[in-house]
Every structure is written in C-alpha cells, then in structure tokens.
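Student: Sequence:
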Amino acid sequence: MQIKTRIVVGVAFMSLLMIAIGAIGLVGFRENGRALEDVHSVNMKNIGLLNKIDGLMRANRIQMLLSLQHDPKNEFSSMHEHPTSAHTDLAKKYIDEINQVWKEYAASITDKEGRDLADAFRKERDKYEKEGLEPAMKAVLADDFHQTYRITFDAINPTIV
1 MQIKTRIVVG
11 VAFMSLLMIA
21 IGAIGLVGFR
31 ENGRALEDVH
41 SVNMKNIGLL
51 NKIDGLMRAN
61 RIQMLLSLQH
71 DPKNEFSSMH
81 EHPTSAHTDL
91 AKKYIDEINQ
101 VWKEYAASIT
111 DKEGRDLADA
121 FRKERDKYEK
131 EGLEPAMKAV
141 LADDFHQTYR
151 ITFDAINPTI
161 V
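If you read the sequence shown in this note's numbering, its first letter stands for residue 1, the second for the next number, and so on.
A hint or two may mislead.
[Unchecked claim] Ranges between beta-carbon positions, derived for each pair:
#1 D119 to H82: 34 to 40 Å
#2 G33 to M79: 19 to 25 Å
#3 E81 to R34: 18 to 24 Å
#4 I19 to E97: 54 to 60 Å
#5 N157 to F29: 47 to 53 Å
Source of the hints: derived by calculation from the structure; they are not laboratory data.
Glycine included, C-beta positions come from ideal geometry on N, C-alpha and C.
With the sequences and hints as input, model every part of the structure.
Tutor: Take a look at the structure:
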C-alpha cells in the first residue's frame, strides 16, 4: 500500500472516529438535558406545592387574627357585618386545601431524607392544627375572644415565621 493511500485511509478513519465520538457526545448531552429538565420540573413543582401550603397556613393565621376584630371590647367590632364563622369557614377550607396539596407533595417524595423531613413537617403541622387552629376556631365561635387571643399568640403565631 502506498503512503498516499495509507494517509487517506488514516485520515478517513480518524474522521469517522471523530464523527462517532461527536455523535456519542451529542446524544449524551441530549440525555443529560432531559434528565436535568425532569429533575428541575419535579423540584420546581414541589417548591410550588410547599409555597402553596405555606401561603395557606399564613392565610389561616390571618383569619384567626381577623376573627379577633369581632371582640366586642374592640371599638371597631361594630364595623364587621359578618359573623365570626366567615373566618372559621375560610380557615376550614384552607385546612382542606392544605391536606390536598400535601397528599400531592407527599406522593412525589422518593428518597429517605425527603421522607424524614416531610414526616417532621407533618408532625409540626398537625400540632399547629390540633393545638392552634382547631382550639382557636372553637373559642372564637364560642365568642371566647380572650382564649382566642391566648391560643393565637401562644400556639399559632410562633409556628408561622
């Protein structure tokens, strides 16, 4: 085989090898891009769900604070032309929404660390609901505003930072 032929064959072989390596690299980039997009979309969805839960928990706190404006000792209480149940009904609605969003979020957790964090959050949220919101709603519906103040400031406010 002549030198010229060897050089042409060598260059052709190296060119094909470079094309193959480039193609493998492009396929790898595409697959990595898809994987990154999947991870990003799942994580962003979860962040959105957690933000919604946070917003609804804050809305519940606001409803309890608004219900305190119905206290007859408050000189502005006569300005409220709706019952305190308007606030507690909204709080109950928000609790139901939180539970629905939580189910969706919990179903997406795939790792042990995430599950442990979710379980810890769930325990704190249950405590917030059982020791804060529910007693506060009962107290305000019974027109026991003093107790509602205590529960709001002792149990609800510290959990919402």
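Student: Are the hints correct? Go through all of them and say.
Tutor: Here is what the structure says about each hint:
A C-beta distance of roughly 38 Å is found between D119 and H82, which places it inside the suggested range of 34 to 40 Å. For the hinted restraint 19 to 25 Å between G33 and M79, the CB-CB distance of approximately 57 Å leaves it violated. Between E81 and R34 the beta carbon distance is about 56 Å. The supplied range of 18 to 24 Å is therefore violated. Taken as a hint, the range 54 to 60 Å holds for the pair I19 and E97, whose Cβ atoms sit roughly 55 Å apart.
Take N157 and F29: their Cβ atoms lie about 50 Å apart, and the range 47 to 53 Å holds.
Of the numbered hints given earlier, the model fails hints 2 and 3; all others are met.
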